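Colleague: Could you put the whole structure together from the sequences, leaning on the hints where they help?
Residue-level listing of the chains:
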Amino acid sequence: METREFLSAARIDVGAMTAWIEAGWLAPHCKSGEFLDIDVARAQLIRDLTDIGVNDEGIPVILNLVDQLHGLRRALHEVLVAVRAQPEARRGGIPSRPSRSY
Amino acid sequence: MPADPYQTLGVKKDAPQEAIQKAYRRLAKKFHPDLNPGNKQAEERFKEISLAYDLLGDPDKRARFDRGEIDASGAERPRQRFYRDFADADGGNPYSSSAGFADFINSDDFLSDIFRGRGSANLRMRGQDVHYRLELDFLDAINGGKQQLTLPDGSVLDVAIPPGTRDGQILRLRGKGRPGIGGGPSGDALIEIHVRPHRIFTRKGDDIHVDLPITLRDAVLGAKVKVPTPSGEVSMTVPRWANTGTVLRLKGQGVPRPGGSRGDEYVTVKVMLPEKPDPELEKFIAQWQPLAAEREREATRL
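Sequences listed follow chains L and P, in order. Numbering-wise (numbering that gives the first Met the number 0), the first sequence opens with residue 0 and increments by one. Numbering-wise (numbering that gives the first Met the number 0), the second sequence opens with residue 0 and increments by one.
Hints were generated in silico from the structure; no laboratory data involved. As the structure is a computational prediction, the values presented were derived from the model and not from experiment. Where hints are given, some of them may not hold.
Computed from the model, here is a short list of chain L residues facing chain P with C-beta under 8 angstroms [to be verified]:
#1 GLY32
#2 ASP36
#3 ALA40
#4 ARG41
#5 ASP47
#6 GLN67
#7 HIS69
#8 ALA74
No residue lacks a Cβ here, since even glycine has one placed at the ideal position from N, Cα and C.
Modeller: Written out as structure tokens, the structure reads:
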């Protein structure tokens, strides 16, 4: 979406938008004036954090941790999907076993 | 019917504005969905809290609510979706960071692929290797051939034994181990070979060693004798006057080598007296004068 729609959906002004892009709180692709839904949601998160009392120093700290958290959630989810797709017998057998002889 | 906003925020009806803001902030921090991405109920709670603060956070609105001019549902505004809904979505997330587990990426296994964001959700892994032990007869190991290994599940593994296989050697059968996961390649079967000793042959490197008992007569006069080798009997000339301990070499009758050549067989002569005492021989030896031999033995005696 374009800038105007973004500002309306996010409910922020141009000044805030520019400042947040500068600060790196919004992704670099926002500089070109093309915005994704996730950028709107991120802007709203920044507003929410401000509402609950987080100051300018705290916002990037929280955003960074949230991003790491989502990265972890994604990785964990992929592993779970992969493991659950295995037949029942396999799941217990993923660790390696010693040899046997005849 | 939405709950009483004062109750939702946990404040008294006559609470000052700061107290209301403080209460909202405390609860919002606790229940904001983006600060609790794994908590499905957080969204409901947070919506209630937001609604309550929407009514009571603004002094004018609060006054009107207190007077009954608007009710709790009057402050309803559609709450947007939260950041977590986009961040976890399948389309990928331009903000997502792998810094939280970068230290877990340490090898080329499928997990590292997933963590690097490269792998799909398909688990794909090479199957495990399986270890077996196989005992072979001496000559089967030397000459090579096919052996069958019966597994506990009843299936049979055909093993090709290369000629010249050594004791302790491990044969690797590619793809005969545990099946791979998600279409990954099967592991290998690793077979540790144990070679049983032979009654007469001994192996040293690529050579075979054997003792050859010969008669006194053959030792004195020389003879053509039959000698066992790993590939069958071979004819060999024992030179005359062959003493015990004489080593004769049969070239190319030893262990096959990968290149096609073979080692040698070394035959050690063992002169044997007849099994039972021979009266004629005894009579002859009694009157035989081995003068020259006696002197020689004196000279070599330590």
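Colleague: Hint compliance check: list the failing hint numbers for this structure, sorted ascending.
Modeller: 1
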